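Asker: Sequence:
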Amino acid sequence: MSLKVILFPTCLADLLFPDAASAAERVLERAGCEVQWREGAVCCGQPAWNSGHVEEARRVARGTLEALQDGEAPVVLCSGSCTAMMHEYWPELFEGTAVQEAATSVAGRVRELSSFVAGELGGGGLDGASVAPTAVCYHDSCHMMRGLGVGAAPHDLLGRIDGIEERTLESPERCCGFGGTFSLRYPELSAAMADEKVDDIAATGATTLVASDLGCLMQICGRAEARGVKLEGRYIAEVLDEATTPKGTAGG
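Quick note: the sequence shown uses my numbering, first residue 140, plus one each step.
The hints are simulated quantities; they were obtained by calculation from the structure and are not laboratory data. Treat the hints with caution; some may be incorrect.
Claimed, not checked - Derived EDC-like pairs: lysine to aspartate or glutamate, alpha-carbon spacing no greater than 16 Å straight-line:
hint : residue 1 : residue 2
1    : Lys369    : Asp339
2    : Lys143    : Glu168
3    : Lys143    : Glu211
Values in this document were obtained by computation on a predicted structure and should not be read as measured data.
Assemble the whole structure, with the sequences as input and the hints as a guide.
Answerer: And the structure:
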């Protein structure tokens, strides 16, 4: 029997990177999951929450909570950042409200995609996975490492793909400077932090960057483009999708 999961693409995948969400769906399906989408699951409320607008965050997140609360299926997200927001802060955000219990329940069901595939699914669907020889760097986002404690999972997945050569960054723990609204409030500091990350990647000789947070990819690759540095950004599900697509067919 297939495992039922709810795929919550989050704002960036839904609005700016729909191919990333489609890739995530295919990866989960190949691993044996029955993927559901929930209409009304739009935003986790993080931008408002991080800016101190608690009531606005609660209002925005309430619709997503209502869309996700029914059932017991894992909720898989295309974002470590949004997963951390829901897992760590939704119980606090909805504390004292009529939906506090529901929010706590959903918070316990959310999973970031790469950690879910590597953990609960045991790397399912990756047997025989391969791509054309490619040197890549992986960016460990702050919310993944520090918020969720997810470090090894995405690296382990990349290591199972024939053709992937992962090159190690000198300072993999450094923030890229995106931080959602941080990049808007402190653009000069944000750009300087992104420059450090771009320089670190360029020093490895790799021209492909893989990450589990689309905001980080947008930040780093956008800065690289502005500087004329060749760098292709790929969400991790897109790499997994390519690697597991039967050869001679398109991913979708």
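Asker: Which of the numbered hints are not met once you compare them with the structure shown?
Answerer: Result: no hint breaks.
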